[in-house]
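Peer 1: Take a look at the letters that make up each chain.
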Amino acid sequence: MSQTPPTSQPFNPFAQAFPWGGFDPAAASKAWQAEMENFSKKLGAMPKVLEAAMKAKKGATPYEVVMTEAPVRLVRYQGKGDKRHATPVLFVFAMVNRPYVLDLLPNKSVVRQFLNAGFDVYMIDWGIPTPSDATKTLSDYIEGHLHRAVERILADTGSEQVNLIGYCMGGTMSAMYASMHQELVKNLILMAAPIDWSSRDSLLLNWTDPKYFDVDAVVDTFGLIPPQFLGNSFAMLKPVANYFQKWQGFYEKMDDEKFLEDFFAMEVWSNDNIPISGEVYRDFVKYGFQQNRLVQGTFPVGGKKINLGNITCPVLSLTAEADHLVLPCQSTPLKEHVGSTDYTEMSVKAGHIGLSVGSRAHKEIWPKATAWMAERSEPVETE
Amino acid sequence: MSDQTTPPVDPITGFWRDVWARSAAAGANTPGIPGMPMDPSAAAQAFMSPEAMKRMQAAFYDAMAQYAEQYMRTPQFLESMKKSMDQAMQLRQQMDGFLKSNMASAFESATGGSHAEILGAIRQSTAQLQSQIAKIDARVSDLESAVTGKPKTAKPAPAPAKKSAKR
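So the protein sequences, as listed, match chains V and B. Each position in the first sequence, counted from 1, maps to that position plus 38 in my numbering. Each position in the second sequence, counted from 1, maps to that position plus 5 in my numbering.
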């Protein structure tokens, strides 16, 4: 019986060359031969790898741009099914990456989950800021762009309210908006949104310690915070996974076309980093990470102080158990600060991005989340 | 109190010893206690399987990730991060200074800094104008209310925009 491992299995040269009984040249030779065959197979997959890399797209669902305030755009997704709910949905993503991760692939699209559930779906794309946007504040984005986007949606649809879904930093911004304009928000879903920065478990909180990180000096020097700075910071949170394990996994599965499609869609997105307005960055780092003011009711936005107690609509907080970027303990304290009596929490075994693109999330949490919103939405009136 | 049986090792040696010990333990499919005696034949069988390599790799990466995370929380790492950041800012300031003083005047062109200053001034002026208009609106509303006896309709004046300089 041959001791050569199957080519689909990881190769263990030590086991073949130095078994407990001593060195076996024949077994070692067979093992190396098998590994060389495996390597040839991987080389043969290179054309498919290149093809998959070239084919990777940004977003899966067609949309129309309904409003532009350069660089910000409001887009409306075109679903195939009938609309069954009167209140439209507005997605608000973070400002540090592009929002199409919420619509990455046809089978991994949170946008499609809501379209298929019968909602009218919009998304605000913050765009790529230019140096002229460096001095834009959180107020400019929340009270300006976001508020005008909501007004535009209300005008387009004839609805009196929107369902707001915010992801990560976009979730924090959505909570801020809801606290200032509760009358315009019917339901609020927050996906891995940082609310309470008191826990020191997060690496980011250690890195932004005012003793070591002078956010004023950084913002005053750079204006726009460079995308490489943000991208590398996020990657360094999991250096072994991002710089070693990912590529080893890629090598092992590079002859699997389905894997390649998912891999490159994710790679395109994760490398599509954008700069962020220095003033927004200053506010988030100083008043959020360093001073934890949101839960104290003193986070300033445009001269007002955010009071989460003003949020009285139904709230659904989604967290990812293995989230290393926004720990669940940074999101769940929201329950203690909102004024809502209808508050729900759901959690999934996934990472920060897995919450939107993970197979488990799409199977377990999104059907429940869309049902949660459907239960709290009014049906479309039929004539 | 120092351990008399185990001599102290330097951090680097301790790190590698622990990482390899964990990998070997995972490869042999043991509960992961380095140095514990095990049945040689069972260990050999476990170590021979391709799955063992997978477990060893996973254990190796887990150990590396754990050490990396621990290190990235230390004052030494945070100090080095601060120094790198200070150097990056210094370089940027020098480049900006060079471009402002030499390149812009040589080519009689505006710099990114000039754009930012102009746009900042426009933004500030816009905010001031909006604030003034809102105040006038409120006064008109007061007058209308006084004349017609109807309740006021004007919105309160927005808060003045904050400056983008250091706070």
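Hints were generated in silico from the structure; no laboratory data involved. One should not assume that every hint holds.
Some but not every residue of chain B turned toward chain V, in silico, with C-beta under 8 Å [said to hold, decoys possible]:
| # | residue |
| --- | --- |
| 1 | R78 |
| 2 | N107 |
| 3 | A121 |
| 4 | L124 |
| 5 | R128 |
| 6 | G154 |
| 7 | K155 |
The model shown is predicted, which means the values in this text are computed figures rather than measured ones. Every residue, glycine too, gets a C-beta built ideally from N, C-alpha and C.
Peer 1: Determine for every hint whether it applies to the structure shown.
Peer 2: These are the hints, each one checked on the structure:
1. The beta carbon of B/R78 comes within 5 Å of a beta carbon in chain V, closer than 8 Å, and the hint placing it at the interface holds.
2. Violation of the interface hint for B/N107 is found here, the shortest Cβ-Cβ separation to chain V being roughly 19 Å, above the 8 Å cut-off.
3. Contact between B/A121 and chain V, as hinted, is supported at the beta carbon level, the nearest pair being about 6 Å apart and thus within 8 Å.
4. Checking B/L124 against chain V by beta carbon gives a least distance of about 5 Å; that is within 8 Å, so the hint holds.
5. Against a cut-off of 8 Å between C-beta atoms, the interface hint on B/R128 holds, since the closest Cβ of chain V lies about 6 Å away.
6. For B/G154, the interface hint is violated, since its Cβ never comes within 8 Å of a Cβ in chain V; the closest pair sits about 28 Å apart.
7. Because the smallest distance between the Cβ of B/K155 and any Cβ of chain V comes to about 23 Å, over 8 Å, the interface hint for this residue is violated.
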